[in-house]
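There are 2 protein chains.
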Amino acid sequence: MSEQIDKSAGWVTFDPELKIVDCTVRDGGLINAHQFENGFFKKVYDTCVESGIDYMEVGYKADKKLFSTKDNGPWKFSTEEDIRREVGENDSNLKLCVMADAGRTNLDDLLPRKESVLDMIRVATYVHQLPAALEIVKDAKQKGYEVALNLMAVSTVPDFELDHALDVIKEVPEVDVLYVVDSYGSLYYEQIDDLISRYKKTGKMLGIHAHNNQQLAYANTIYAAINGVKLLDTTMMGMGRGAGNCATELMVGFLKNPKFNLRPILKFVQETMLPMSQEMDWGYSVPYMVTGHYNEHPRSAIALRGGDRKDDYLGFYDEIASP
Amino acid sequence: MSEQIDKSAGWVTFDPELKIVDCTVRDGGLINAHQFENGFFKKVYDTCVESGIDYMEVGYKADKKLFSTKDNGPWKFSTEEDIRREVGENDSNLKLCVMADAGRTNLDDLLPRKESVLDMIRVATYVHQLPAALEIVKDAKQKGYEVALNLMAVSTVPDFELDHALDVIKEVPEVDVLYVVDSYGSLYYEQIDDLISRYKKTGKMLGIHAHNNQQLAYANTIYAAINGVKLLDTTMMGMGRGAGNCATELMVGFLKNPKFNLRPILKFVQETMLPMSQEMDWGYSVPYMVTGHYNEHPRSAIALRGGDRKDDYLGFYDEIASP
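Sequences listed follow chains A and B, in order. So the first sequence is residues 1 to 323, counted in our numbering. So the second sequence is residues 1001 to 1323, counted in our numbering.
The following block holds chain A by itself, in its conformation from the complex (with noise of 0.2 angstroms):
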């Protein structure tokens, strides 16, 4: 258990530095391959403003040498242009960022952050990409931006392959914030606790992104945001990819900074994610908990989900768990 602090995220005193980023269009995309209806942006990106939250993540800045704009709608690629027709100048105090994978991003679509309305680079990377994600990472903060590493999937890495990532990222300035990921919704509180104390000895300030296979999105962003970690993903309604992610209205509703507005979350959610949850296959259900559980990559899940043995629990489970 990491130390205590004096200054609780639930209590009516509040941590002004503890900053919400929405993934919504980012994560959610996953579900839909970023082919949202026209206006989804745009209501996202004014709530988002209207409820006090941080940052927006508006997508993916993936290379279109790599994927196809026919199969992928436009915030797989998140382009100046694109953006900009959404937020003109971005005259508000949401801060915008973008997710850049590692082996995924040409540097040349990175613009100077003096000619671009983004603020935040996120570069994800799995632990054996570090090297490639760590040219990004410098690439990003010598065009200006602020810039954050997500190690993704680190619940199936070794604790001293990790340390030693962390060794190593220690020393790289261009990091401003370190994200623990729970990528395959695998982890509970003693875990995140213990990847927490670990990226503490980095010095870099934190983030969580959590998923919700086991009903511990929430929780776990919670448990973080009470013990150090200052940027919280959330995703509005959860969505996104599986079981989804902390929803933003619960994380809204928990923290005391009266900056955050709650009700134009709730407007959105209720007009346009609810029935958008109807139409789509997003959050908790029992095939996410089976390969949280089993510390496994969702995708066998999603595919259950998608297909006619959606609910067949018992046979899935079987799969999973034969050796």
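Incorrect hints may appear among the rest.
As the list claims (entries may be wrong) - Here are some, though not all, of the chain A residues that point toward chain B, as calculated from beta-carbon distances under 8 angstroms:
1) LEU30
2) TYR126
3) GLN129
4) TYR188
5) GLU190
6) GLN214
7) GLN215
8) LEU216
9) TYR218
10) LYS267
11) VAL269
12) GLN270
13) VAL286
14) MET289
15) TYR313
Said to hold, decoys possible - Label-pair restraints from in silico Cβ distances:
16) B/LYS1256 - A/ALA33: 34 to 42 angstroms
17) B/PRO1258 - A/THR13: 40 to 48 angstroms
18) B/LYS1230 - A/HIS297: 29 to 37 angstroms
19) A/LYS42 - B/ASP1318: 19 to 27 angstroms
20) A/GLY315 - B/ASP1091: 28 to 36 angstroms
21) B/HIS1128 - A/GLU17: 37 to 45 angstroms
22) A/LYS42 - B/ASN1257: 45 to 53 angstroms
23) B/ASP1046 - A/PRO275: 35 to 43 angstroms
Calculated from the structure, these hints are not laboratory results. Quantities reported herein were computed from a predicted structural model and do not represent experimental measurements. Where is the CB? At the ideal position from N, CA and C, for every residue including glycine.
Please build the complex by placing chain B on the supplied structure of chain A, with the hints as guidance.
Relative to chain A, chain B alone:
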């Protein structure tokens, strides 16, 4: 934060004292006035036996002079005849318990344990009814039962009043187990921790009964299990009034005691609970989140969900948030 114990419920070692109490029929019956289809009870019972569950709560022991047997199904009353019709002599390792509400129970309905298939009486009480509850406690203990005391709605009770009640309970040797109950699903782990610490001063074995208004029922139950609470209430697919409970399948998947078996539970959830969940409304949704945040009884959210405005999240929020 209470003291750490060596043996985490999440590790490959396990605490054999951790017991699961399945409350599906009792708490789930609050949705349908305990009017389940024929055969449902027996399926829950068989599933509990096969999966190694420790206790099954069969229902309430309500006074037939106070409640109509026409408007309520048999598990509102849980007569010895009805229980035996389902379980015979209960020739299994599964213990059976029943809930007796303070002020709603006729002591004459409690047979001596040696004449009953019941093993434990769980006395549910508001703090202000404690003297009435302790009369049931003492009667049940004198008749030979294990006895649990469930203090309801303590999230609305001032600390000094709760501490006084705990001082009284400490001196009642007939109480075997004292339950931390999050009636409104309003608590997160720091608050659960505070209650655990206070309740531990009674020297009693502790239990926890959580609700899922904020998607925290499982998280809070894990937290309690790791911090010294021994009896863990769950329900199949989380079925229970309003936002429901900690799901039995999540808890069985988490605990490492090899006596537990997830397969029968997944089979039952898939074949019986899932179809029921499509006909009846339980589980997390925004209105329950709102009453949880405001530390209110969920009855207003239940009424909303049962009417034609069930998804009017914003209108409901405005009602609850208005002073």
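Query raised in the report: Can you give the numbers of the hints that this structure goes against, from lowest to highest?
Result: Hints 1, 2 and 3 contradicted; others consistent.
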